[in-house]
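Protein chains in written order, with the working numbering: chain A, 1 to 231; chain B, 1 to 231.
Hints were generated in silico from the structure; no laboratory data involved. We put the beta carbon where it would ideally sit given N, CA and C, even for glycine. Among the hints, a few may not be true.
[What the hints assert, rightly or not] Just so you have them, the derived chain A footprint on chain B, three or more residues with Cβ under 8 angstroms:
1. 58-71
2. 110-119
3. 140-152
Number of protein chains: 2
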Amino acid sequence: MKLYSYFRSSSSYRVRIALALKGIRYEYVPVDISPAVQAQRAVGYGEIHPLRQVPVLEWHDASGREQRLTQSVAILEYLDERWPTPPLLPHEPLERARIREAVEIVNSGIQPLQNSKTLALLRTVGGTEVEECWRREVIEQGLSALESLARANRGAFFSGDMPLLADLFIVPQLYNARRFGIDLAAFPRLLAIEVAALALDAFRLAQPERQPDAPPVEARPPSEAWPRSKS
Amino acid sequence: MKLYSYFRSSSSYRVRIALALKGIRYEYVPVDISPAVQAQRAVGYGEIHPLRQVPVLEWHDASGREQRLTQSVAILEYLDERWPTPPLLPHEPLERARIREAVEIVNSGIQPLQNSKTLALLRTVGGTEVEECWRREVIEQGLSALESLARANRGAFFSGDMPLLADLFIVPQLYNARRFGIDLAAFPRLLAIEVAALALDAFRLAQPERQPDAPPVEARPPSEAWPRSKS
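Produce the entire structure from the sequences given, and follow the hints as far as they go.
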């Protein structure tokens, strides 16, 4: 199995966590989607992903046919159906719905509105100030909604004491928010979920700074040069 | 069961189709999210939906407790799990994944980037031309990806001869594209899916112009005054 990924991509980060939680081994294929490189624009990548995004999961099925799957939600639900242990969704329909509700607040409510393409356009037409104001509003509104939902639940994670699909979206979104300098003090429940998550090997192994395409610590600007946790 | 909906909202439209396909009766609660009215900003609506969007599904559970669910994907997966007939997803994990992949191309790849809030911001900071160019690019790119995926499948619908979750996203997105004056000639497979879908009562009943909050035909601007289909 191969994962086309970019270390900083929060959608890739979600899938890396799931693969680690399920204990699925995979080959990491870095795609540098940074504005300076834009490897996704290479001619051949259009065949891997017509929309030229990451992540893409690639594998050979039982009949040896190459399969590629895009869209983190589709990939994650697939992984959970094919490798049900540990489960990423509860059993009861309404409980499953509550997890998917949180997932979509991040997946369609925050991420697309603050990804690099959207922000680049805003910067071009509106300048840095408009871009920052927009990014802050989108992220803070989404995290506020998530914080309320999470507070209504019990447990170390979004719902209960085991990580579920919602946690795979919350942790990368907090990473993104921090990168953008968003003050997270208003979201103590989400921060507690992050602490519980990063106590697990699967979440730590999936962290951006631990990926093969992440620059070495000394090459990063000071705000990102946090020490790798010892584990 | 109550559905908070706006006739033109494509996310509401998806849920209306599912409710009709499953034969679930519901009360329609109109929320006028048009820029001129913005009923979602009313103080009380924040309790219905913290992010002040539509759709919201509301019901009383077996113990009489009021439940509210937001996010169209979460609502649709819930409806499909609670009322499995007719199914909105196939059985086999990879086939399910292919449907969810198409769903997310619309749900996170197109819709959030061309909803009224995003477009209003773009118009404010960049003017009408930037807004139109952005909208066109986002919609055309997404529909192109969907067209390729749909062409790889057989059947009258996105995949096979029965409507599935992907079709519930494609039909409202085509409605949106048309409203915005996008030329759909490059997407013959998607247009054929729309024809097959609108031959079914469930899709027709869910159409924007048939909702109680839709203005009467004569009150609409010419581009939207298409005749209601006789059925």
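Counting residues of the stretch 140-152 of chain B with a beta carbon closer than 8 angstroms to any beta carbon of chain A, are there 3 or more?
Per the Cβ count (5), the hint holds.
Establish whether the coverage given for the stretch 58-71 of chain B by chain A is satisfied; the threshold is a Cβ-Cβ distance below 8 angstroms, and no fewer than three residues must meet it.
Answer holds; 5 residues pass the 8 angstroms Cβ test.
Verify this for me: three or more residues of the stretch 110-119 of chain B with a beta carbon less than 8 angstroms from a beta carbon of chain A.
It holds: at least three residues are needed, and the stretch 110-119 of chain B offers 4 whose Cβ sits within less than 8 angstroms of chain A.
Comparing the model with each earlier hint shows no violations; every hint is respected.
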